[in-house]
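Engineer: Residue numbers (the numbering used here), protein chains in the order written: chain A, 1 to 346; chain B, 1 to 346.
Please keep in mind that the hints were generated in silico from the structure rather than gathered at the bench.
Some clues are possibly wrong.
As the list claims (entries may be wrong) - Every beta carbon over 10 Å from chain B, so not counted as near; a handful from chain A, in silico:
#1 Glu3
#2 Arg85
#3 Thr90
#4 Glu111
#5 Gly332
#6 Lys346
To be verified - Capping the alpha-carbon separation at 20 Å, the derived lysine-lysine pairs in PhoX-like fashion look like this:
#7 B:Lys302 - A:Lys19
#8 A:Lys76 - A:Lys107
#9 B:Lys131 - B:Lys102
#10 A:Lys110 - A:Lys76
#11 B:Lys302 - A:Lys302
#12 A:Lys11 - A:Lys131
#13 A:Lys302 - B:Lys19
#14 A:Lys76 - A:Lys102
#15 A:Lys302 - A:Lys346
By construction, the Cβ of each residue, glycine as well, lies at the ideal position given by its N, Cα and C atoms.
Here is how the chains run, residue by residue.
Protein chains: 2
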Amino acid sequence: MLEPLQWDNGKVCFLDQTKLPGEEIYRETDDYRVIAEGIRTLQIRGAPLIGISAAYGICLGAREYITIPETSFALKMHEIDAILRATRPTAVNLFWALNIMKQVWQKGLKEGCPPREISLRLDEESDALTKREYNVNYNISRRGAALLDNGDTVLTHCNAGSLACGGWGTALGIIHWAALKEKKRIQVIADETRPLLQGSRLTAFELVHNDIPVKVICDNMAGYCMSQGMVSKVIVGADRVTVRGDVANKIGTYTVAVLASYHHIPFYVAVPLSSIDFRLEEGEDIPIEERAAQEVLHFNGKSIAAPGAGALNPAFDVTPRTMVTALITERGIIPPPFEDTLKHLK
Amino acid sequence: MLEPLQWDNGKVCFLDQTKLPGEEIYRETDDYRVIAEGIRTLQIRGAPLIGISAAYGICLGAREYITIPETSFALKMHEIDAILRATRPTAVNLFWALNIMKQVWQKGLKEGCPPREISLRLDEESDALTKREYNVNYNISRRGAALLDNGDTVLTHCNAGSLACGGWGTALGIIHWAALKEKKRIQVIADETRPLLQGSRLTAFELVHNDIPVKVICDNMAGYCMSQGMVSKVIVGADRVTVRGDVANKIGTYTVAVLASYHHIPFYVAVPLSSIDFRLEEGEDIPIEERAAQEVLHFNGKSIAAPGAGALNPAFDVTPRTMVTALITERGIIPPPFEDTLKHLK
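Turn these sequences into a full structure, and let the hints guide you.
Structural biologist: Pasting the structure below:
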């Protein structure tokens, strides 16, 4: 499996995912601002990986101010937390991870620990968090693979693989597990996922890397493929799921869900519990990030649209729970009605 | 209105639509092979324009062999017809126009006309055909505009404007007529239409040219826009419509139709009678062109997908008649059931 991010005693080394598949560039940094910028610009992406990298961002930030007095240290920690928190609004893992880290540094401060001690505790916590997340993906992949049959063609949207999560990944982890561990014959149709092409750039990259047959399609071909009986199942990841089961994921997921529902094709969402927002009930309450029009109107730095044309660029959409066949979590396959089944997992 | 193709006494001058919006390059030729290649490579595109340009292609071909004996001339005309006929399989206008021209040259041969006389008749016929098509688009635009209300936001897919048709265009002609002639406030959401981006490159170009507000979206955003109540109507063109009302149009049209149907948004198809195939009943019998995987996997000459990944690239799909609210033809707005209403128009 690909390693999108590693921590090595005070340094984070991450793969710049905006350069894939053309170039495999790893960036090494001890500056939390580089991590924040990396998340903002999608060099680091995928809800679980955003959570992990934000946790290590906190570690880097703490190390930077290890020698200053405790009161100034507290202020700095708030600042670092705020900067990382402001990078992207939709994936809940960011806030989930930053909240876990915040409990650690606030507890440390309350106990009168010196910054150096707090920093050590933060390192330990983020290592533990990462290990837990990897373990979660392992279990999602293992459990979800039971849903795939020999000969299935799975359509997926965006990238919810090792690159998005570390470890096995979620949606793509399930496909990998079924193909590699269980030796099922699985083919994949990968939506290219405009505007940033995570499907053709990243998902196809991971599948080719593991010798699983993949065909890339333009997003608008999904309906055609389904109507021709070419898709047996849909599996996608999630950036945030409400306690009632509404799913925020990469823009276009909703379009795929409507199509799957119309063609009676099972639509599965692979999601770690860390991506479930137990405070939110309705999908319409999930904040949707609107990104720069430039991403739609330009490609590789070149304009592709008539000057004077505007653009919309919502980065996510919300799929209503009624279109979700099941959620696949580390605790197993969760059937609807999610308002009953999810509560028990809190 | 933009002029995508002009005939000037033995020369065709056409706009290379693959270069838009970056460059406005007109190509002049007296060689029918350049026309055939232009159609094949989408320099010339849009069902009605393909018909018109094929007709002029026949004129150019005839002029080339004007001095040879009649029997050789007949063989050459068959060859020219076959080369133009083999350019693209889906749009019926190509065959419709070539059949009209074939009647003219075959009649001439039967009557023992010299090639020079046949060539003159072909010039006259293609001028008349072009004039009729422009008149058809004028009437589609004028009649269809009645369906649009002040304040509407219309979603369209691909390009069915002046560039695709000459004259007013069809789907985009309706929008233009409502906005420019009837002074209705109309906004447009243009699907970018991957892989060749006719939406962002061509449709946005025409709308900006005529000061009509347009926002480009990636194809996968259409569901989101509809779910947010941002789309009041959908209007698209067609490459071929069966006598029962099934609609072949640019890949992705079917996805838009499923979405419109789910969101109870009217879905209109603007179509000249020349695009209706009165010999075909069922949409599944329309041949669907499969184009090179390269178009999906490359962008501006640069690979965007992992080496080793495959791709699907159907150029069209078929929207079933049940999802079409009405057809808009030069003879008026045709409601379902199309198996009854279309027959009378033959």
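Engineer: Compare the structure with each hint and give your call.
Structural biologist: Against the structure, the hints come out as follows:
no.	hint	verdict
1	Glu3	holds, 17 Å
2	Arg85	holds, 25 Å
3	Thr90	holds, 13 Å
4	Glu111	holds, 47 Å
5	Gly332	holds, 29 Å
6	Lys346	holds, 28 Å
7	B:Lys302 - A:Lys19	holds, 13 Å
8	A:Lys76 - A:Lys107	holds, 16 Å
9	B:Lys131 - B:Lys102	holds, 18 Å
10	A:Lys110 - A:Lys76	holds, 15 Å
11	B:Lys302 - A:Lys302	holds, 12 Å
12	A:Lys11 - A:Lys131	holds, 17 Å
13	A:Lys302 - B:Lys19	holds, 13 Å
14	A:Lys76 - A:Lys102	holds, 12 Å
15	A:Lys302 - A:Lys346	violated, 47 Å
Checked against the numbered hints above, the structure violates only hint 15.
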